[in-house]
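Asks: Under full-length UniProt numbering, residues 1 to 384 are what the sequence shown spells out, in order.
To be clear, the hints were calculated from the coordinates, so they are not data collected in a lab.
Here the structure is a predicted model, which is why all the values come from computation and not from measurement.
Backbone N, C-alpha and C define an ideal beta-carbon position, used for all residues, glycine too.
Among the hints, erroneous ones may be present.
[As the list claims (entries may be wrong)] Label-pair ranges, simulated between beta-carbon atoms:
(1) Arg138 <-> Val173: 41 to 47 Å
(2) Leu97 <-> Ala220: 50 to 56 Å
(3) Ala220 <-> Ala147: 48 to 54 Å
(4) His91 <-> Ala220: 52 to 58 Å
(5) Leu216 <-> Pro253: 19 to 25 Å
(6) Ala220 <-> Trp53: 38 to 44 Å
(7) Trp53 <-> Pro175: 44 to 50 Å
(8) Phe274 <-> Gly176: 46 to 52 Å
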Amino acid sequence: MELENATTSLSPSLSSSPSPSSSPQPPSALQWVWQLQLVCAVLGLPANAFVLWLTGWRLRCRGLAIFIFSVAASDFLFLANSTLQIWTAAHGHRWPLGTPLCRLHRFLLDLAYYGGLFLLAAISLDRCLLLLAPLWYRCRRPARWPAGLCAAAWLLAGCCSAPGTALAQASEVMPGLVVCRRERGRWQQLLGWLEVVLEGLLLPVGVLLLCNGAALAVAAARRRRQHGAGGLPARFQRLVAATLSGYLAIHLPFQLAQLLSHAFPRRFASLAYFVALAFNVGSCLNPCLYLLLATRACHRCVTRGDTGPTAPLPPGSVTPAPPPAPLPVPPGATTPMQSDTATPVPPDSTAPVPPGDPTPVPPGAPPPCPRRDPAPSVTPPPPP
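Please construct the entire structure, taking both the sequences and the accompanying hints into account.
Replies: Right, dumping it as structure tokens:
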């Protein structure tokens with residue numbers, strides 16, 4: 001991601017005559033750029049922090065929440081690093097913090113960028129496996145499968161950020177103006193093409209298109225086989241649209257702008273810089289989308305009757321219902337029982353039971369135990 005190099009090319013002092021006493025300032029036409037970045041940082045950092053707290057602490061990073069947690073972490077990291085860009089842009093694009101902090105800033109910025117890009121691919125892969133292998137996904141899927149996908153995405157993002165970190169340094173492009181950028185020397189064009197084509201286009205686009213294309217094909221085939229010809233489920237359509245729109249609206253235009261800036265450096269040198277502002281806007285709007293989805297989920301729960309645990313009611317707020325009044329029975333509703341319906345039993349129908357002979361007790365039998373009277377209860381004396 002050539003954000004710092006594009007920023008350097010926008011500085012008016014690089015095209016003017018060098019002067020040690022000159023104080024390079026950004027042109028007035030570009031002041032709205034860092035002002036927009038400032039607004040996105042002020043609004044997006046608290047919103048992403050709230051999403052991190054909600055998914056990490058309240059939901060314990062279970063299931064799909066861990067993907068939302070990782071995407072919010074990449075957005076938060078990107079906006080936090082954009083504050084350094086705002087500070088340097090407001091001070092004439094100078095970098096007075098030295099090479100070590102320049103490399104750290106470069107690594108975190110690229111990590112946030114590639115992390116968000118590969119997390120979209122990880123979400124597409126997870127949803128694709130859910131549709132292609134539902135039995136394995138629901139019964140035999142490892143419990144840490146979402147965490148493993150997110151860890152693999154962050155690890156791949158770190159590997160892609162390492163080359164740019166090693167080449168970043170605080171260099172003096174003209175007297176009195178030190179900027180943070182990558183120095184590639186004669187390998188500038190080759191490494192730039194590899195970075196844009198391989199890391200930005202082929203790898204994530206291939207995973208996105210392959211996973212979503214296979215999922216759409218399988219879903220359409222199952223839909224036709226079960227319910228005849230018809231469209232895809234609305235929920236799955238929204239999921240695929242949300243995954244692809246995040247890439248098509250932000251990442252793909254930036255990669256195309258970098259391709260144009262590499263192919264035609266004189267005409268499109270600053271195009272990638274302006275397109276990269278979409279990352280700030282997207283990182284600020286993503287928490288609003290998460291909250292909107294959560295509101296729809298709560299609305300569905302209420303519609304289905306699953307309202308969850310209810311709060312205890314205060315005493316006195318519930319009035320007991322009065323007992324029902326007994327209904328009067330009319331006099332003719334019951335029929336009296338006639339006395340001649342019972343058949344009398346004659347007195348000679350029962351035979352008397354003859355008295356039985358007593359059973360003699362053998363002489364060796366033990367004598368019966370004497371009866372013991374219960375012990376009298378003792379009442380304790382009263383305390384003095």
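Asks: Honestly, which of those hints from before does the structure not fit?
Replies: Violated hints: 1, 3 and 8; rest satisfied.
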